[in-house]
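Peer 1: In case you want the letters, here they are:
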Amino acid sequence: MNKYETFNHTADLGVRVFGRTSEEVFANAAYALFDLMTDLSRVEEKLSFEVQLAAQDLEELLVRWLSELLFLRESRGGLFKKFSFSQLSPTALQAVARGEIFEPSRHDIKMEIKAVTYHQLEVKEKNGQWEARVIFDV
Amino acid sequence: MSDQGKIQLQKIDDYRWRIPKTGKMRVEGVIFADEALLKEIHEDESPKQVANVAQLPGIQEYSLAMPDIHWGYGFPIGGVAAFDWQEGIISPGGVGYDINCGTRLLSSNLSTLDLREKIKGLVNALYQSIPSGVGSKGALRLSNQELRRVLRQGAAWAVESGYGWTEDLEHTEDKGCMEGADPAVISERAVERGRPQLGTLGSGNHFLEVGYVDEIYEPEVARLFSLRKDQVTVMIHSGSRGLGYQVCDDFLKKMGERVRQLGLELPDRQLACDFIQSTTGQDYFSGMACAANYAWANRQMLMHWTREVFEKFLQMSPKDLGMRLVYDVCHNIAKREWHSIGGEPREVCVHRKGATRAFPPGHPGVPESYRRAGQPVLIPGDMGRYSYVLIGTEGAMRETFGSTCHGAGRVQSRTQAKKASKGRSLHRELEDRGIYVVAASRGTLVEEAPEAYKDVSQVVEVVHQAGISRKVAKLRPWGVVKG
Chain A
1 MNKYETFNHT ADLGVRVFGR TSEEVFANAA YALFDLMTDL SRVEEKLSFE
51 VQLAAQDLEE LLVRWLSELL FLRESRGGLF KKFSFSQLSP TALQAVARGE
101 IFEPSRHDIK MEIKAVTYHQ LEVKEKNGQW EARVIFDV
Chain B
1001 MSDQGKIQLQ KIDDYRWRIP KTGKMRVEGV IFADEALLKE IHEDESPKQV
1051 ANVAQLPGIQ EYSLAMPDIH WGYGFPIGGV AAFDWQEGII SPGGVGYDIN
1101 CGTRLLSSNL STLDLREKIK GLVNALYQSI PSGVGSKGAL RLSNQELRRV
1151 LRQGAAWAVE SGYGWTEDLE HTEDKGCMEG ADPAVISERA VERGRPQLGT
1201 LGSGNHFLEV GYVDEIYEPE VARLFSLRKD QVTVMIHSGS RGLGYQVCDD
1251 FLKKMGERVR QLGLELPDRQ LACDFIQSTT GQDYFSGMAC AANYAWANRQ
1301 MLMHWTREVF EKFLQMSPKD LGMRLVYDVC HNIAKREWHS IGGEPREVCV
1351 HRKGATRAFP PGHPGVPESY RRAGQPVLIP GDMGRYSYVL IGTEGAMRET
1401 FGSTCHGAGR VQSRTQAKKA SKGRSLHREL EDRGIYVVAA SRGTLVEEAP
1451 EAYKDVSQVV EVVHQAGISR KVAKLRPWGV VKG
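Protein sequences, first through last, are from chains A and B.
Counting along the first sequence from 1, when you hit position 17 you're at 17 in our numbering, and nothing is skipped either side.
Here our numbering = 1-based position in the second sequence + 1000.
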């Protein structure tokens, strides 16, 4: 099973993300975010950032989670490839993102993702499979 | 999906289409388009979004869409909607992420003959001097206190700090400063993102373009705007960078919570809103004004450096160059304005998301030097074809809350554009058409390929024929710096 696939949106870019658990779908969504942005094979797991968040529901939590990582990318230069969760409920999460700080000599930014939108946002479970849909502003 | 089937449109005339009031719509929708554009519009289901906006509390008269409408988040891009200032809502999604994304145009004393041998060198020099591209950072190191002054004062801060001339302010929408800005409502994150980016062009569809006047439609008005045939011009398209994005993001979250508290039923989460008179509504307005002011300061600085590059590269004095600011418009904004509703003046909050203000002759919002003619409207096209200068009309005041289109509008998604340009040299293709482009990355260049956009002349023809603005001049791109 692929971690994610992209779909077209006139001005921007959408992703459909898959996983066996909600944790996996959240991790794969974050992976998609950075995979679209840069060549992740060149990113090493040198350091980790802790993330703690609360939201009203699982869908909003997904947007907040991805927005948080995007903020870490923009403000601290963080590029992440591995994600693990010590807590993930519909209204809160505690996670660790592993990766390294952007270095222009080794890393390439393929695409700038500017925001994670709420537009047509969806997180659902069907027959034990999780799927999320989120649209990025690029 | 919130989109249930296609919307039925009724033809009003050749340039106007009605979305009848159905379901929870409080008012009708009206789309300005001709038959050809309408086909494209129908494909991306943006009419459904026009109908969604019509459901929001306090909306006045019509939910409107300009001919460059395309699918956006929540509100369509190219959408205009006015909400009662006392009873209505305000919505960050009705403004967009890039608050006060806008365009400014400079005229000059140069003609195309003066630059014929020099255009490439000049564009390269502009590219070297003006920070652009993904996550670009400026040379400025501002303190938080100084940034707060930027947020309160906008373009006036830039002029006071030595970037440009006092008369530039007169030719900027709202004189480059929106009232009501309060930095106290802005998050630390917004400040953190915005501080290093002031004075940068950014990426995506933002650009700095040296062009020339190709055609004049109204000589008298063109003269008033100091435009003449074959004259060299500069157009700058940029916005509020990461700061505006963060303000939008912060308030989408806050308003999402408020929507739940208020029990408002919305067809899309991205339509999150609150009443203008609520604390969150007022805070958003103040925060949006801060981001708008940041964007005006930003464009003012970009223009100042552009003038400096011209002076240095061409070894000419500012006086000989005569690089006057024609005008600066914003096309992602919500404004507190008075409009006639059912024959009575009413204070409303006009959301323009991918739409431009187009005030008529005599309106106090038009600079004194242009007031007898009307407000200049700047419509950038794609980088391969042309851009337009229009003028605001009484028709816009009557029908569209003093608004018109903002640009070409996308027809291809970024990924489609990328696919279509695989194996091609866009640089070469554009150069064959006499357009020299320097881009920070090939990625943005191919995403912004001319065919990814509607033909802006089709869009402009509709607003001209419908009488919500008039054509004054057509500009052609010559040398382009892409972010």
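For the record, the hints were derived by calculation from the structure and aren't laboratory data.
Incorrect hints may appear among the rest.
[Unchecked claim] With a cut-off of at most 25 Å between alpha-carbon atoms, the simulated SDA-like pairs for lysine to any residue come out as follows:
1. Lys1254/B with Gln87/A
2. Lys1422/B with Thr38/A
3. Lys110/A with Val1446/B
4. Lys1254/B with Leu53/A
5. Lys124/A with Leu1264/B
[To be verified] Interface residues of chain B toward chain A, partial, derived using beta-carbon atoms under 7 Å:
6. Tyr1097
7. Lys1137
8. Ser1161
9. Trp1165
10. Arg1258
11. Gln1261
12. Leu1262
13. Gln1270
The beta carbon of each residue, even a glycine, is placed where N, CA and C say it ideally should be.
Peer 1: For the pair we were handed, Lys1422/B and Thr38/A, check the Cα-Cα distance against 25 Å.
Peer 2: holds (19 Å)
Peer 1: Let's test the interface hint: is any C-beta of chain A closer than 7 Å to that of Leu1262/B?
Peer 2: violated (14 Å)
Peer 1: Please verify that hint: Gln1270/B, Cβ, nearest Cβ of chain A, below 7 Å or not.
Peer 2: holds (4 Å)
Peer 1: Do the alpha carbons of Lys124/A and Leu1264/B lie within 25 Å of each other, as the hint requires?
Peer 2: holds (23 Å)
Peer 1: Holds or violated: are the alpha carbons of Lys1254/B and Gln87/A at most 25 Å from each other?
Peer 2: holds (24 Å)
Peer 1: Closer than 7 Å between Cβ atoms is the bar; does Lys1137/B clear it against chain A? Give me holds or violated.
Peer 2: With a closest approach of 11 Å, the Lys1137/B hint is violated.
Peer 1: Tell me if the interface restraint on Tyr1097/B is satisfied: Cβ within less than 7 Å of some Cβ in chain A.
Peer 2: holds (5 Å)
Peer 1: So if I understand the rule, the pair passes when the alpha-carbon distance is 25 Å or less; does Lys1254/B with Leu53/A pass?
Peer 2: holds (15 Å)
Peer 1: Gln1261/B was flagged as interface toward chain A. Is the shortest Cβ-Cβ separation under 7 Å?
Peer 2: Constraint on Gln1261/B not satisfied, violated at 10 Å.
Peer 1: For the restraint on Ser1161/B, tell me whether the closest CB of chain A is nearer than 7 Å.
Peer 2: Result: violated, 25 Å to nearest chain A Cβ.
Peer 1: Assess, step by step, whether the Cα of Lys110/A is no farther than 25 Å from the Cα of Val1446/B, and give holds or violated.
Peer 2: At roughly 12 Å apart (the allowed maximum being 25 Å), Val1446/B and Lys110/A satisfy the hint.
Peer 1: When the nearest CB of chain A is found for Trp1165/B, is that gap smaller than 7 Å?
Peer 2: violated (32 Å)
The structure shown violates the earlier hints numbered 7, 8, 9, 10, 11 and 12.
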